[in-house]
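Note that the sequence shown covers residues 109 to 452 in our numbering.
It should be emphasised that the hints constitute simulated quantities derived from the structure, not laboratory data. Please note: incorrect hints may appear among the correct ones.
Simulated crosslink set (DSSO-like; lysine-lysine; CA at most 27 Å straight-line) [claimed, not checked]:
id, residue 1, residue 2
1, K361, K305
2, K205, K248
3, K214, K255
4, K382, K440
5, K382, K300
6, K305, K255
7, K305, K334
8, K361, K382
9, K166, K132
10, K205, K154
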Amino acid sequence: MAEKQAVILIVDDEVIVRRVLSEKMGAAGYRCEQAGTADEALARIKSTDVQLAILDVKMPGMSGVELLAEIKAAHPDIAVIMATAVIDISTAIECLKQGAYDYITKPFNLDEVVLSVERALEQRRLELENRDYQLHLEQKVSEQARKIRAAFLNAVTALVYALEAKDKYTSGHSQRVAGISVAIAAELGLSKPEIEKIRLAGLIHDIGKIGVREAVLNKPGKVTAKEYQHILSHSDIGAHILTPIVEDDAILKAVRHHHERYDGTGYPDGLSGKEIPLAARILAVADTYDAIISGRPYRAAQSIQTACDEIEHHQGGQFDPEVVDAFLRIKKSAELVDTSISKI
C-alpha cells in the first residue's frame, strides 16, 4: 500500500482546482500543500518534505513541464503527476520521458486521481527500497571483500613469519625491515597512511621467496649465475602473489621494486632515481642494513658500523641519497640515546 500521511504538493494557478484536489487527497489520508505558481512550488519543496507533486501543465510564467524538469533535477525522489485540460499526446510523452509517473486530464475523476496518487507513491516506495537495498548490498559486498583481503594478507604475513622461523639466518627479518622502514619514512616526514603502507610492504616484501628453492636460498657457498637469476625472481614473484589480494598499488610496487638500484642497475625492471617508488627506495636501505648485520649461510653477521659504512658508500649508486641521509640520522640518534643511557 502507498504511504499514508505523505505530503502532496498541488500546483495549479486555479484556486478552485487546488481546493478540490486538496479536499479529496486530505479525505484519502494525505497532507496537502498548495502553490499557485512554479516559483511558489519550488519554495514549498525547499521548506517541506514533499513526496509527490501534482503539476498543472499550463501555468503563467514557468510551465508545469519546465517545473517538472526543475523538480527532477534537484529532487529526483519526488513523484510527479501531470494534470492538464488539454489532451496533447506529444506533451504527455515528453512529461513521461522526463520522469512523470502519470498524466491526468481535467475535468478530474477524483477517484481515479486518488488511485493514480497511490500507485505513484507505491512505485516511489519500491524504488527507494530497491535503491537502499542495492546500497547496503554494495556496502556488505565491499566490507566482505575487505575482510577476505585482510584475512589473505594476514595469512600471507603469517606465512612469511613461518618461513623465516624455519631459518635462523632470516628469522624476524621482515619485522625488522618493516620497523626500520617506518623509522626512515617518519624521518622523511611522510604521512601516517603512507607510513602504514610502507610498514605493510616491509612485512611482506620477501613473500616471493616462497618461489625460490630452499637449497638455493640457504646455499653456504657461492651461488652460480643461474641460481643467482633464480633468486632475483623473488621480487617479481612476490608482486604476482600479492596482486589478487592487495588493492593498493603503492604496496605492490614497493614489493616489486625493493631491489631496484638508484643508478638503474637493479632488478626486476632496471628503474633508476625517482622512477623507483619512494617506498621501494626506503625498503632497499632497510633490507640491506638488516641483511648485513644478520648472519648468512655464506658469511658471519657484520657490525652495525660496517653496515652503516656500506650503505653510505653506496649512496647515490645503489641507494637514494635522501633516504640514506635519513637512515644515518636515525642511526646517529639511536647511538646518542644508547650512549646517554649507558652513562646513567
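Hint-by-hint comparison with the structure:
1. K361 - K305: 11 Å, holds
2. K205 - K248: The hint is violated at about 33 Å.
3. K214 - K255: 58 Å, violated
4. K382 - K440: 26 Å, holds
5. K382 - K300: 21 Å, holds
6. K305 - K255: 17 Å, holds
7. K305 - K334: 33 Å, violated
8. K361 - K382: Holds, at about 13 Å.
9. K166 - K132: This hinted pair holds, its Cα atoms lying about 22 Å apart.
10. K205 - K154: Roughly 24 Å between the alpha carbons, so the hint for K205 and K154 holds.
Consistency with the previously given hints fails for numbers 2, 3, 7, ordered from lowest to highest.
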